[in-house]
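Chains as they are written, first to last, in this note's numbering: chain A, 1 to 606; chain B, 1 to 330; chain C, 1 to 335; chain D, 1 to 543.
Calculated directly from the structure, the hints in this document are not laboratory data.
Just so it is clear, CB atoms sit at the ideal spot from N, CA and C, and this is done for glycine as well.
Some chain B residues close to chain C (C-beta under 10 Å, calculated; not the full set):
#, residue
1, Met167
2, Ile261
3, Asp289
27 Å max Cα-Cα, derived DSSO-like pairs, lysine-lysine:
#, chain 1, residue 1, chain 2, residue 2
4, D, Lys78, D, Lys94
5, B, Lys181, D, Lys371
6, D, Lys152, C, Lys49
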Amino acid sequence: MLDQPIAQIKGLRVEFQTKDGPVVGVQDVSFDVNPGETVCIVGESGSGKSVSSLSLMRLVEFGGGEITSGQLVFDRREGGQVDLGDTDQALMKQIRGNEIGMIFQEPMTALNPVFTVGRQLTEGLRIHKNMNKAQAEARAIELLREVRIPEPERRMKQYPHELSGGMRQRVVIAMAMACEPRLLIADEPTTALDVTIQAEILALMDRLKRETGTAVMFITHDMAVVAQMADRVVVMFRGNKVEEGTVHEIFENPQHDYTKALLAAVPKLGEMSGKNYPEPMKLMGAEDQKIEPIKGSDEVILNVENLVTRFPVKGGLLRRTVANVHAVEDVSFKVFKGQTLSLVGESGCGKSSAGRSILRLVEPQSGKVEFEGRDILGLNQNELHKARQDMQMIFQDPFASLNPQMQLMDQVAEPMRNYGLASGSELQDRVANLFDRVHLPRSFMRRYPHEMSGGQRQRIAIARALALNPKLIVADEAVSALDVSVQAQVLNLMMELQAELGLSFLFISHDMAVVERVSHQVGVMYLGRIVEIGPRARVFENPQHAYTQALMKAVPIADPNQRKSEKDLNFKPIPSPIHDLNYSPEPSQYMEVAPGHFVLTTDSGY
Amino acid sequence: MTDAAKKDPLQHSSVQQEAEKAPRSQWRDVWDQFKSHRGALSGGILFLIICVGVIFGPLVYWNDAQYVPTGRDFIKLRDMRPIYHALWDPSAKMDWAYPLGTDNLGRDTLSRLMFGGRVSLAVGMAAMVLALLLGSLVGVVAGYFKRLDGLLMRLTDLFLALPLLPMILVAAVLFRESLSKSIGPEGGVFVLIVCLIGITSWMPTARIVRGDVLAIKEREFVLAARSIGTKPDKIISRHILPNVLSPIMVSATLGIATAIITESALSFLGFGFPPDFPTWGRLLNDAVDRMTLFPERVLWPGILISLTVLSVNYLGDGLRDALDPRIRGR
Amino acid sequence: MLTFTIRRLILAVPTLLFISLVIFLLLELAPGDPMAQVPLTVPPEVKEKMRLALGLGEPVHIRFWKWLVQFFWIEPQVLIDNIFGTTFSAGDLRVISWQTRSPVMDIVVQRLPQTLWVVGTAYIVAIVIALPIGIYSAYRQYSWFDQMGTFVSMVGFSVPPFFSGVLVIVIFSVQLGWFPSIYDTTLVVDSWDTFVKQLQQMVMPVMVLALQITAQLSRFMRASMLDNLNQDYVRTARAKGLSEYVVVMVHVLRNSMIPVVTVIALGIPSIFGGAIITEQVFKVNGIGQLLIGAIQANDLPMVQTLTFIFAVLIVLFNLIADVLYGILDPRIRYD
Amino acid sequence: ERGSDGQVNIIYWQAPSILNPFLSGGTKDVEAASLVIEPLARYNSSGEMVPWLAEEIPTTSNGGVSEDLTSITWKLKKGIKWSDGSELTSADVKFTYEYCTHPEGGCAQVTKFEGVTSVETPDDYTVVVTFGAATPFPYGPFVGGESPILQKAQFEQCMGAKAPECTDANFGPIGTGPFVVEEFKPNDVITFVANDQYRDASKPAFSRVLFKGGGDATAAGRAVLETGEFDYAWNLQLAPDVISQMEAAGKGKAVAGFGPLVERLMLNNTNPSPDLGPDERSVVRPHPFLSDPAVYKAMSMAIDRELLVEIGYGKAGKVTCSWVPAPEAYAISPEGCNVQDVAGANAMLDEAGIVDTDGDGIREKDGVPLKVLYQTSTNAVRQDFQALIKQWWSEIGIDAELRNINASVFFGGDPGSPDTFQKFYADVEMYANTFNGTDPQSYFGNGLCDKAPTPASQWQGENISRFCDEEFDALHAELSGTADMAKRVEIGQKLNTIIFEKGGMIPLVHRGRLSAHANTLGGVDLNVWDSELWNIADWHRAE
Ligand SMILES: Nc1ncnc2c1ncn2[C@@H]1O[C@H](COP(=O)(O)OP(=O)(O)OP(=O)(O)O)[C@@H](O)[C@H]1O
Ligand SMILES: Nc1ncnc2c1ncn2[C@@H]1O[C@H](COP(=O)(O)OP(=O)(O)OP(=O)(O)O)[C@@H](O)[C@H]1O
Ligand SMILES: [Mg+2]
Ligand SMILES: [Mg+2]
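With the hints as extra help, turn the sequences into a complete structure.
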């Protein structure tokens with residue numbers, strides 16, 4: 001009984017009926033999940049990971065899919081094995097949530113916004129375990145405690161939007177675990193989360209698995225997470241399983257080209273130690289790649305001093321400002337020509353606000369932003385319009401930052417049109433050149449954003465930013481939403497452009513490994529302030545501030561030998577950045593621990 | 001797995017393959033998508049037939065819509081039944097020269113339907129377009145410029161509260177004379193009616209558009225547009241308007257129906273076109289009294305109004321899908 | 001939320017005052033004469049005297065001011081008097097209708113029950129019919145049921161009530177003789193028989209009105225359901241092992257109702273506004289008929305008062321819709 | 001026997017808004033009130049005067065009217081009780097006079113008391129009305145449905161400016177009639193119950209009346225003739241084929257009666273050109289071409305009146321060329337009135353040199369094309385007439401532009417509106433008019449030169465055609481001084497002829513009033529000279 005797999009997927013094939021005929025989601029996928037084991041399924045976006053897991057729950061049918069062949073043998077708690085592929089929905093209802101639990105990718109949308117956490121948690125319990133309301137609530141509170149949510153009684157009465165992303169994901173986990181399923185399917189449970197929260201969630205799942213003996217099917221595209229979690233790994237590529245093996249086999253001795261490429265694309269924290277300058281990654285399949293460090297210059301292109309950005313919180317009958325969100329608080333840094341300064345920190349610490357303040361996409365409260373000696377904050381609208389020609393921005397979400405209704409050509413041409421830089425066939429040529437620059441075929445010019453993959457889309461965003469020949473690009477989480485492989489390409493592209501054009505980047509990210517790869521300088525932000533700033537090598541190899549140290553610890557490393565355990569982690573929830581009007585924060589003071597390496601000495605709230 | 005994929009596993013080879021295809025023209029795409037929408041296609045064809053019928057019908061059809069037979073003809077030609085009536089009542093009064101029969105004054109029903117269709121369709125479309133323009137303008141401005149939001153929304157309240165009839169009376173007093181002097185009596189009434197229906201029906205569109213604009217304004221691509229130096233007017237026209245097209249299309253389809261019906265109610269109350277100027281609404285309305293005696297006289301205009309609304313609705317559905325590149329790609 | 005409500009209420013006052021002014025000026029500008037229905041046999045001098053007796057001789061701003069005082073100061077007193085038996089308003093001149101020479105508010109109060117009964121029932125019936133249709137059409141999108149629903153609602157939307165009303169009268173009253181063609185406003189429901197009678201006379205107007213409202217509401221419901229059916233949380237709910245019924249009728253419906261409820265709330269003023277043509281066709285003689293009658297007779301105080309009450313309701317229900325939105329959707333917080 | 005026949009249901013498609021005819025004057029209000037309050041004398045269905053609350057009709061021969069025609073003495077019947085039990089006295093009659101003539105009251109029926117200098121009450125049952133001048137027809141005050149007697153006790157506090165405040169009294173007047181108001185819902189429905197103080201103990205046969213208002217004529221007709229929900233429907237202005245189809249249901253029948261109501265085309269004798277200033281438009285005579293007898297005569301000849309009657313009114317219409325077709329004696333019948341003569345009309349125009357010079361099918365007179373703007377109120381029958389007449393005129397080379405205007409604007413006298421029938425900013429307009437009672441003298445006055453509406457008179461005035469003819473004015477003056485009936489009729493016929501021949505108007509149809517009653521309703525005697533419900537006390541259920 002014990003060595004019998006809990007779930008066996010044999011020759012699964014799923015098709016979707018679309019307007020243009022059937023589309024194959026996965027074809028001929030087989031693998032087993034054994035009791036007490038974590039099987040990680042990796043692969044790029046669209047490779048069929050979700051479809052496989054949804055098939056196991058028989059939820060593909062609700063998305064228009066159909067299991068056309070294959071068996072999904074599941075070992076029930078009682079009653080032996082059944083083929084989930086042809087059970088009826090009535091029986092499936094009993095299995096779902098009860099014997100198989102599922103955690104979904106997006107904690108923001110996976111919970112019903114209009115029901116309380118308590119209600120959503122108890123629902124499954126009441127159906128499957130026949131509990132009454134009180135019992136179910138008691139159990140739910142217990143579950144919340146298990147997933148380490150503070151004040152579980154209060155959370156029960158809250159709505160999802162009142163919880164942070166991490167807490168929401170824990171609620172989803174608690175929900176999936178509620179009936180103590182034999183199999184837990186986790187579909188990218190941490191992709192959308194901050195490193196720190198990700199680390200906690202991973203550790204939590206690991207612990208729960210060990211405590212309850214549940215088998216876990218873990219879906220992700222992040223190799224670092226795989227290294228952290230997996231016992232066995234299944235690699236998928238375009239609807240097929242291409243490789244399967246234990247985590248060590250996969251990481252140490254990958255067989256399939258795709259797996260190798262995938263591993264090569266993962267930036268690993270610590271890879272850059274000993275190097276002073278960032279350099280492009282070595283990727284599979286790109287033969288004539290020249291890997292050279294990018295030096296840049298010492299010339300200051302952007303000088304930010306004591307930047308403060310606050311957002312008013314309005315209230316009362318007259319809608320007067322009653323408080324302020326202190327998004328950016330006394331931040332100073334310099335960006336050098338041809339170099340990259342990275343800002344890292346957790347969600348909500350003010351990274352984006354800082355980036356936007358520099359371009360005056362949000363109006364800063366006070367401070368100084370000097371770009372090539374010009375004071376940006378003092379410009380009027382017309383001058384600002386001109387100044388923006390030299391400063392561009394790339395946004396986090398390649399899906400959201402392109403207008404879905406415009407052809408790519410027009411989107412790339414738009415900045416040039418706005419500034420009247422070119423028109424007619426000249427404009428066409430320049431757009432075509434930009435497409436070449438970002439390695440997109442010119443035939444894509446007439447496409448629409450949805451016809452592109454995320455990586456391609458982000459390249460369009462880069463092309464658009466390059467259109468005006470800017471000197472500085474603010475890249476706000478420019479690669480966070482991308483698959484590892486694509487991310488690596490985009491990063492290389494950015495570095496290539498930097499080397500060729502001498503661009504300066506203000507690179508905003510929460511991914512320490514990526515930051516390590518691309519930066520010359522690194523600033524760590526916490527609650528609106530920079531707590532530590534300095535050359536990348538120093539900050540990463542010798543973190544001084546307590547927060548930086550904690551952050552470094554949380555980063556999973558794509559190496560199964562360097563797993564982290566829950567007790568290593570130590571995060572306090574970020575205090576609220578909202579203060580009332582007469583709150584005056586003290587100025588930031590720094591100590592220079594090494595040349596160019598500063599650490600905040602005043603209280604940062606951490 | 002293909003060879004190409006093996007050699008370069010990180011490239012999206014499917015995308016690569018597609019890239020080799022010749023670039024497609026945008027309108028070609030729109031048309032392709034539109035064609036594949038069965039409802040839209042039939043709606044479009046139906047609408048086209050109706051339009052062609054009312055525009056060219058009177059040119060080729062032998063009877064004149066306004067001609068009233070006189071003398072002895074009158075008694076002979078009035079109250080003629082449609083020819084299909086012969087199927088169940090061969091003794092009924094009918095004539096192949098009057099395929100749908102005549103009314104109580106001997107005017108030919110088919111030509112009145114065609115002529116009336118011209119007016120109804122023109123009023124419906126023009127009023128709808130006006131209402132859409134107004135509604136979208138107010139909605140976009142209110143949604144985009146926070147400062148004007150409150151003011152414009154209260155303005156919407158005001159218009160919702162205004163009674164239509166007195167407004168029509170006022171407008172007639174103020175503008176009818178001058179309009180009919182410059183563009184003739186029918187033209188003047190047309191402009192008046194279109195303006196009035198437009199002015200009194202833009203509010204729902206404005207509300208919906210405003211809501212959507214508020215949401216779209218927060219999307220990143222608007223911020224991105226700002227960062228590449230796009231001026232607000234261009235942001236609205238390039239980035240916001242195309243993305244609120246779909247609710248506007250829905251309002252448009254409903255707008256045509258309301259406009260056609262409102263026009264008929266206006267004729268009914270005596271504020272519409274000159275009495276010898278048939279419109280579908282008026283035909284329907286005039287025939288209601290004799291509904292049991294001559295059911296065809298209510299049925300035909302009724303069916304035509306419904307068919308128009310229905311076809312426009314499906315057409316709108318299809319157009320909305322076709323104009324949305326996201327759906328088009330699927 | 002409370003401050004939001006209060007702020008909007010305060011804002012509503014100038015808005016409404018402005019609206020009342022616009023309405024007044026509009027009516028003032030509109031041609032027409034309260035004497036239009038007096039027969040031609042009554043000579044013009046007499047009509048002129050009658051006009052003066054109605055107060056038409058006074059300048060516009062004085063009449064507006066008088067109306068404001070009567071509506072905002074005296075009528076509330078009358079209301080208080082009626083409730084508590086006090087005599088604040090004794091001797092004050094109320095808003096008087098030119099047609100009937102009686103206080104406008106009295107007539108409105110008299111008319112309201114009919115309208116609320118008929119239009120209100122139609123509204124409820126429409127909601128009761130439209131929601132399931134919308135839900136099912138969305139759940140089985142592009143099924144034949146959905147296609148039929150689209151078709152029927154479009155037809156319902158495009159058939160004017162002066163046609164559908166007469167049609168049902170011809171069928172059900174004239175041919176079949178099931179229902180009365182004329183609504184009896186004097187009927188007092190105090191027994192089973194009278195209740196049945198009331199039902200009978202309400203069937204047809206309710207049917208005609210409900211057809212139109214159903215057509216629109218079901219479209220709305222369908223669209224809203226479609227939006228929500230593809231949301232991630234629906235998958236979560238299914239993954240919990242909930243039955244389809246609970247998933248659709250609890251999880252999806254609750255979310256889909258948010259916009260629909262506000263649409264319903266926005267439509268409520270039209271209940272009070274009555275349904276002009278339908279009321280006329282069935283002789284329900286509610287507020288809608290009162291308004292059209294008053295417009296035709298140029299009874300300005302009546303028209304002004306009715307439209308203004310209507311405006312108040314519109315502004316109020318706009319506010320209510322916004323507040324409802326905030327209540328139904330826990331994510332929305334008005335600060 | 002009183003109250004034995006249960007309830008009678010009456011439907012008026014115009015709903016009464018008040019039951020005090022002095023404050024409204026609308027036919028619907030007057031007729032609804034006639035169930036409750038009554039005059040001293042009424043006209044019966046043949047237009048003869050019958051005593052009602054009075055003992056007899058005062059005449060010169062019975063001494064009731066003074067020889068010099070300046071006073072009339074009414075004797076009240078004795079023992080008539082108000083519905084509250086008190087007795088009707090001459091004080092009530094006098095009060096009614098005072099009530100209506102109060103300067104601030106805005107009484108709609110004040111013309112009834114025109115010329116009256118005093119009303120005296122020598123005793124409780126005698127009323128003496130004195131006129132300032134000899135009045136050959138002294139039966140204006142207190143005669144007919146428009147001039148009923150109000151109870152002094154009830155209305156005493158409601159004089160003048162206070163009139164509108166007495167809502168209870170205006171909605172529920174105490175009367176002497178067969179019914180008493182039970183509930184009045186303005187513009188909607190009235191319920192009446194039999195008056196137990198009514199002077200005839202066996203009447204009324206019905207114990208209740210449900211008087212419903214609102215809707216449209218079709219629905220009212222349907223309710224009586226097709227569904228049988230109602231017993232009596234008033235004034236069904238419907239096309240004859242519609243009526244006969246309804247009658248076919250067999251539930252009731254339509255009855256017609258003829259008063260002096262005439263549907264006519266008014267010819268504008270002034271120039272309505274929009275190019276003229278506001279003080280000249282429709283003020284200065286003559287009209288560019290309508291003043292030519294050939295034109296208006298041809299226009300009249302081109303019309304097929306018989307067809308119009310058949311299409312529009314059926315048995316409720318008669319062909320006429322008289323402005324005043326009733327009482328019959330006044331009517332004229334010029335030759336060719338009932339036949340259409342398009343050829344003759346064309347010949348007449350050709351002869352007058354009004355020919356089509358530019359080949360567009362429209363004749364020109366002195367270079368002015370005969371294009372007329374033809375307006376009327378919104379009403380299905382009138383629109384049919386417009387279409388027909390337009391076609392006929394087009395056959396004699398006259399082009400008509402049609403316009404219909406909402407009745408409340410058209411008949412409303414708003415000086416600010418360009419669309420009122422008084423302003424007459426058109427060449428031809430069509431409507432119907434009539435007069436009360438049987439004496440046309442003051443109605444004929446509507447053709448006098450000085451009654452033309454002008455900006456100076458705020459566009460008030462009854463001479464809508466702006467007709468002006470010395471001979472007419474002189475004849476009318478003679479009529480005012482003549483008491484002899486035969487002589488009056490003779491002058492009246494002359495006036496009728498002048499207005500027709502000299503282009504004041506083109507009378508089209510003598511319209512009757514068409515009402516419908518259920519087959520089970522007995523006693524209906526359609527009366528066009530007074531309230532249709534004048535004899536409701538005699539109505540009863542018939543098998
Ligand atoms: N409802 C659907 N209709 C049509 N095709 C679908 C549908 N859902 C998935 N697919 C297709 O199935 C394939 C596999 O999709 P799947 O969602 O499993 O990818 P994934 O590996 O989970 O990607 P991601 O990392 O982006 O979640 C894709 O090519 C996708 O286009
Ligand atoms: N427009 C705004 N109005 C009010 N508050 C805002 C606004 N934009 C950001 N904030 C607040 O300012 C703080 C900093 O936000 P910011 O977006 O800069 O964080 P971030 O570090 O970029 O986070 P993330 O990684 O999630 O993008 C947050 O508390 C956020 O809620
Ligand atoms: Mg997935
Ligand atoms: Mg951010």
